[in-house]
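Novice: Work out the full structure: start from the sequences and follow the hints.
Residue 50 in my numbering is what sits at position 50 of the sequence shown, and the numbering runs on without skipping anything.
Hints were generated in silico from the structure; no laboratory data involved. The structure displayed is predicted, hence computed values, not measured ones. Hints may be right or wrong, so weigh each one.
Distance windows between CB atoms, simulated [said to hold, decoys possible]: (1) Ser-289 x Asn-198: 56 to 62 Å; (2) Ile-310 x Asn-191: 49 to 55 Å; (3) Asp-189 x Ser-292: 55 to 61 Å; (4) Ser-289 x Ile-212: 43 to 49 Å; (5) Glu-127 x Asn-198: 30 to 36 Å; (6) Lys-301 x Asn-198: 48 to 54 Å; (7) Gln-55 x Ser-124: 26 to 32 Å; (8) Glu-282 x Pro-312: 34 to 40 Å; (9) Gln-338 x Gln-163: 35 to 41 Å; (10) Leu-336 x Asn-305: 36 to 42 Å; (11) Phe-296 x Gly-115: 53 to 59 Å.
Lysine-lysine pairs mimicking PhoX-like chemistry, simulated, CA-CA at most 20 Å apart [as the list claims (entries may be wrong)]: (12) Lys-138 x Lys-113; (13) Lys-137 x Lys-170; (14) Lys-170 x Lys-225; (15) Lys-225 x Lys-265; (16) Lys-251 x Lys-113; (17) Lys-251 x Lys-138.
All C-beta atoms, glycine included, are put in the ideal place defined by N, C-alpha and C.
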Amino acid sequence: MMTNIRDIFADIDSTRSINVSDPLMIDVPERCRGHVGASGPNFNVVIQNIRSINQNFDSFRILLNRLNLNEDLIVLTECFLPSVANLPELDNYHSFRTAKSLNKNDGVVVYVKEGFDVMVYEPSYLEEVTCLVVTYKKEYAFVCMYRSPSHSNIEKFMNSVDQVIHEIRKFQRISLVGDINIDIKIDNDDNRSSDYLNLLASHGLFSTHLLITHDKKCLDHCFVKLKSPSKTIVCNSTVTDHSSIIISLSKGPRREKSIPKLWKKVNHNAVIEELSKISWVELLKDKSSNESTNLFLTMVKNAMNNHTTIKPISRRKRTMKPWVTPGLLRCIKNRLCQKCNSKDNLPTL
Numbered sequence: 001m002m003t004n005i006r007d008i009f010a011d012i013d014s015t016r017s018i019n020v021s022d023p024l025m026i027d028v029p030e031r032c033r034g035h036v037g038a039s040g041p042n043f044n045v046v047i048q049n050i051r052s053i054n055q056n057f058d059s060f061r062i063l064l065n066r067l068n069l070n071e072d073l074i075v076l077t078e079c080f081l082p083s084v085a086n087l088p089e090l091d092n093y094h095s096f097r098t099a100k101s102l103n104k105n106d107g108v109v110v111y112v113k114e115g116f117d118v119m120v121y122e123p124s125y126l127e128e129v130t131c132l133v134v135t136y137k138k139e140y141a142f143v144c145m146y147r148s149p150s151h152s153n154i155e156k157f158m159n160s161v162d163q164v165i166h167e168i169r170k171f172q173r174i175s176l177v178g179d180i181n182i183d184i185k186i187d188n189d190d191n192r193s194s195d196y197l198n199l200l201a202s203h204g205l206f207s208t209h210l211l212i213t214h215d216k217k218c219l220d221h222c223f224v225k226l227k228s229p230s231k232t233i234v235c236n237s238t239v240t241d242h243s244s245i246i247i248s249l250s251k252g253p254r255r256e257k258s259i260p261k262l263w264k265k266v267n268h269n270a271v272i273e274e275l276s277k278i279s280w281v282e283l284l285k286d287k288s289s290n291e292s293t294n295l296f297l298t299m300v301k302n303a304m305n306n307h308t309t310i311k312p313i314s315r316r317k318r319t320m321k322p323w324v325t326p327g328l329l330r331c332i333k334n335r336l337c338q339k340c341n342s343k344d345n346l347p348t349l
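Specialist: The following block contains the structure:
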């Protein structure tokens, strides 16, 4: 029993994160286009800490031209909005801004492509964070946030995040993005990250990346709750010392991997023995290199098929979902055994 428990703990410890995206780190903005789906079948979002929209928006325009992604949504954080009278215009986009500012650096600005019938609002009940919520077609909800690093205690911030996500819980595809100033990279030294990640996980949101975005830390976040695949890129930016985050959300359904019900076992010794008896002279007789290659592959394939045994996987070893690991399966079995052996058949955990 103790050996099984140790195996379970080892499997749990080896699972460092739940992958909801396939993150990439790219140095040159022009290279991002080859890894991001086209706007239309995908919902493309760019997130950037701009650190004064008045001073750095021209540099951000250049970045957008280099990316050439035809973004559907642009999220800018740390915009220094108290000193901004009018937002810079961006052709073919509508702009929205937060009204509340906690300090001179504060503010979130979003640009939404024309033609998208969105609703944008600023929750009034939030504390120690500025936020805009963008909703689209009763399906997508984007929580765009900036949290100043001057607030070391995150209790009020956590309550605010909990409230806003609970408010939009009926949306099928929820994303939380922005500069949160909490380090969530693997093996980080930020003792606040566990509570923060656990809160978002309780709402079904998981990070699309754990890559460094500023000062050797992962401070610019993107969390998603999706039923479709997504792609995330952390791109080196010349706008500020924060990297740009690009996320492409597929509008199609996620295709779950089918659970195998059969397993194959190859008798390699028998395959080698059969191949050793073949006369390979046929490969060299008046044949082109392509024909010889195809014939060679056919011979090897036939030998493999002749000595391959296919058997069904027993139900006790078959998992119902792709994410169920062998260790988790053993954990479930151990729990059920404890339940059956307990007094009055009550579960003991």
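Novice: Does each hint fit the structure? Answer for all of them.
Specialist: Comparing the hints with the structure gives:
1. Ser-289 x Asn-198: 56 to 62 Å: holds, 59 Å
2. Ile-310 x Asn-191: 49 to 55 Å: Since the Cβ atoms of Ile-310 and Asn-191 sit about 52 Å apart, the hinted range of 49 to 55 Å holds.
3. Asp-189 x Ser-292: 55 to 61 Å: holds, 60 Å
4. Ser-289 x Ile-212: 43 to 49 Å: holds, 48 Å
5. Glu-127 x Asn-198: 30 to 36 Å: Distance hint for Glu-127, Asn-198 is violated at roughly 20 Å.
6. Lys-301 x Asn-198: 48 to 54 Å: holds, 50 Å
7. Gln-55 x Ser-124: 26 to 32 Å: This hint holds: roughly 29 Å between Cβ atoms.
8. Glu-282 x Pro-312: 34 to 40 Å: holds, 38 Å
9. Gln-338 x Gln-163: 35 to 41 Å: holds, 38 Å
10. Leu-336 x Asn-305: 36 to 42 Å: holds, 39 Å
11. Phe-296 x Gly-115: 53 to 59 Å: This hint holds: roughly 56 Å between Cβ atoms.
12. Lys-138 x Lys-113: holds, 17 Å
13. Lys-137 x Lys-170: holds, 12 Å
14. Lys-170 x Lys-225: holds, 11 Å
15. Lys-225 x Lys-265: Violated, at roughly 38 Å.
16. Lys-251 x Lys-113: holds, 17 Å
17. Lys-251 x Lys-138: holds, 14 Å
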